[in-house]
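The task is simple: from the sequences and hints, build the whole structure.
Chains as they are written, first to last, in the numbering used here: chain Y, 1 to 280; chain V, 1 to 280.
Simulated from the structure, these hints should not be mistaken for lab results.
Values in this document were obtained by computation on a predicted structure and should not be read as measured data.
Take these hints with a grain of salt, some might be off.
[Stated by the list, open to error] Below, computed lysine-lysine pairings styled on DSSO-like, alpha-carbon distance capped at 30 angstroms: (1) Lys87(V) <-> Lys263(V); (2) Lys87(V) <-> Lys87(Y); (3) Lys263(V) <-> Lys143(V); (4) Lys143(Y) <-> Lys143(V); (5) Lys143(V) <-> Lys87(Y); (6) Lys143(Y) <-> Lys263(Y); (7) Lys87(V) <-> Lys143(V); (8) Lys87(V) <-> Lys143(Y); (9) Lys87(Y) <-> Lys263(Y); (10) Lys143(Y) <-> Lys87(Y).
[Claimed, not checked] Listed next, the stretches of chain V that the computed footprint assigns to chain Y, with coverage defined by at least 3 CB atoms under 8 angstroms from CB atoms of chain Y: (11) 23-32; (12) 138-146.
[Unchecked claim] Sample of chain Y residues with no beta-carbon within 10 angstroms of chain V, all distances over it, derived: (13) Arg47; (14) Ala75; (15) Glu115; (16) Gly141; (17) Ala201; (18) Cys217; (19) Arg266.
For each residue, glycine too, the CB sits at the ideal point set by N, CA and C.
2 protein chains.
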Amino acid sequence: MGASDRPSVLVDGRVATVVPVTDRGLQYADGLFETIRMHEGRAPLWRRHMARLAQGAERLGLPAPEPDLLAQECAQVSAGLPAAVCKIIYTRGSGGQAYTPPQTPVPLRIVISREAPVLSADGLAVTFCQTRLATSPSLAGLKHCGRLEQGLARRELVDSGFDEGLMCDAGGQVIEATSANLFVLRNDILYTPDLANAGVAGVMRELVMERLVAEGCPVREEALSPEDCRQAQALFLCNAVRGIMPVTRLEVQNLEVPPLVRKLARDIAALLDGGVGRGA
Amino acid sequence: MGASDRPSVLVDGRVATVVPVTDRGLQYADGLFETIRMHEGRAPLWRRHMARLAQGAERLGLPAPEPDLLAQECAQVSAGLPAAVCKIIYTRGSGGQAYTPPQTPVPLRIVISREAPVLSADGLAVTFCQTRLATSPSLAGLKHCGRLEQGLARRELVDSGFDEGLMCDAGGQVIEATSANLFVLRNDILYTPDLANAGVAGVMRELVMERLVAEGCPVREEALSPEDCRQAQALFLCNAVRGIMPVTRLEVQNLEVPPLVRKLARDIAALLDGGVGRGA
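Put into structure tokens, the structure is as follows:
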């Protein structure tokens, strides 16, 4: 199938541009999503995305997703794109009585593709957003469809001169950026915010932590304040679409990118863009 | 138009059963809703619903909704139903770049009707849900589309023998029921949870507070613990669809319904079902 024939959206496996108005994803944000980088039809982090989606489905009481079916649909929508991002949305479907979900949900499956952004080694200018992330013990870690706070935070960044914004939870602890997880180097120790009560447990965050441990550089999951970030030697952000994003400016302060972060960024870029054969 | 010809869903004013897959309501819960009780084509709490929707739109940076248009569409979808519930969903529409909203959003407007439940004076059996509500200073009070926590809490109630469940926020304070606000009578003083950091500021809650003040019975908005509820003389729930719902059992404890609550329930039922001419 040529790029021009490529369907960019599949809904329950069929080319479509619409979903039922009754879908609980629309009505209540009752669903999950994954945003997956593909390189020539292959998704280097596929297993991690599917594991998180399955865990999320279990937490929400949704039937387990079917990875083989989803893989086929991601391949179909991204055919002809050398570097693509596939977004899978997996909702509880329709039915139930107002907030009460249906006893036997029939999930709705949406797969959407777009061209992937070029992986860049340029650093980001980052600030703190005023919009707070929810402290939500029942939903923390999940990549659920309720992302209104992220949208409000992104509105703050428009025309601000900053590329990304760090978000604090209700208690004022730094949790993550609007669309990336955060790592902080301070006193030669790497930290990443604890996500027990807020935030999205990113698949790239997980991979980065494993790689750093393997290289003898463990990461501490702890509560971090804005002041901890301001006093850091270095910061970087990461997600599954853009890999490692070093922070070269936090508010008015310029930051160096240490060799460790440069090397990690190169390694992850090679992995995401297919330069290495090793799994992740 | 007879009941059989009645369209049950209008999307942007047209009879429809689907919405664009790109809608930010679906993608990110980036929208608001109202659930409005209609009696013979009239919505007794219309002005309050429209005021809350307008305030929510302002907080989210959405264009102001058009009440006259929405009134016409609610009348259209509920024609032929003596007692209807109209749900209005008002999203940011499509566009933007991932979480970043479009600079000039073109909202999507969905109006759905169903038969209204019969107003009942029967008391409810209520328990505490394990699912926590988010503590979310940036979204507190808003009736936004992210209602996943309410759905998970309702799942706990299925086959539990309880009609409703009280939900605590991340800090363990009681905020509201899954689909109703809460009032607690304790030491002859009426309380309702403070909603500065969590919960939905219900239009019925607002009306009830005004009525009670007018009758010389002010309500204190304070933090309330589960223990405060267990030690109460009486509790009642309220929402715009079902009016006043006295609690006659909390967990294993039976509760009386005081005359004040009975009278309030009668007054609100009369208002909702059109028995009184006075506005609200």
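Each hint, compared with the structure:
Between lysine 87(V) and lysine 263(V) the alpha-carbon distance is near 28 angstroms, which keeps this suggested pair within the 30 angstroms criterion. Between lysine 87(V) and lysine 87(Y), the direct Cα distance comes to roughly 29 angstroms. Compliance with the 30 angstroms bound is thereby established for this hinted pair. Taking the CA atoms of lysine 263(V) and lysine 143(V), the gap is about 28 angstroms. The hint holds against a cut of 30 angstroms. With a C-alpha separation of about 21 angstroms, the suggested pairing of lysine 143(Y) with lysine 143(V) holds against the 30 angstroms cut-off.
Proximity of lysine 143(V) to lysine 87(Y) is assessed by CA-CA distance (about 27 angstroms); at most 30 angstroms being required, the pair is judged to hold. Note on lysine 143(Y) and lysine 263(Y): the hinted pairing holds, with a Cα-Cα distance of about 28 angstroms set against a maximum of 30 angstroms. For the given pair, lysine 87(V) sits about 12 angstroms from lysine 143(V) by alpha-carbon distance, which is consistent with the 30 angstroms threshold. At most 30 angstroms may separate the alpha-carbon atoms for a hinted pair to count; lysine 87(V) and lysine 143(Y) meet this at roughly 27 angstroms.
A threshold of 30 angstroms between alpha carbons decides the hint, and for lysine 87(Y) with lysine 263(Y) the separation of about 28 angstroms falls inside it, so the pair holds. Of the pairs offered as hints, the one joining lysine 143(Y) and lysine 87(Y) holds, with about 12 angstroms between alpha carbons and a cut-off of 30 angstroms not exceeded. Only when three residues or more bring their CB closer than 8 angstroms to a CB of chain Y does the claim for the region 23-32 of chain V stand; here the count is 8, and the claim holds. Here's how the region 138-146 of chain V fares: 5 of its residues keep a CB closer than 8 angstroms to some CB of chain Y, so the rule of at least three is met and the hint holds.
Its beta-carbon lying about 24 angstroms from the closest one in chain V, arginine 47(Y) satisfies the requirement of being farther than 10 angstroms from that chain. At roughly 19 angstroms, the least C-beta separation between alanine 75(Y) and chain V is larger than 10 angstroms, which holds for a residue marked as non-interface. With a least beta-carbon separation of about 12 angstroms from chain V, glutamate 115(Y) lies farther than 10 angstroms from that chain, consistent with its non-interface assignment. At roughly 13 angstroms from the closest C-beta of chain V, the C-beta of glycine 141(Y) stays outside 10 angstroms, upholding its exclusion from the interface.
Every Cβ of chain V is farther than 10 angstroms from the Cβ of alanine 201(Y); the closest lies at roughly 16 angstroms, confirming the non-interface assignment. For cysteine 217(Y), the shortest C-beta to C-beta distance to chain V comes to about 30 angstroms, beyond the 10 angstroms cut-off, and the non-interface label holds. Chain V leaves arginine 266(Y) outside its interface by the beta-carbon criterion, the shortest separation being 25 angstroms against a cut-off of 10 angstroms.
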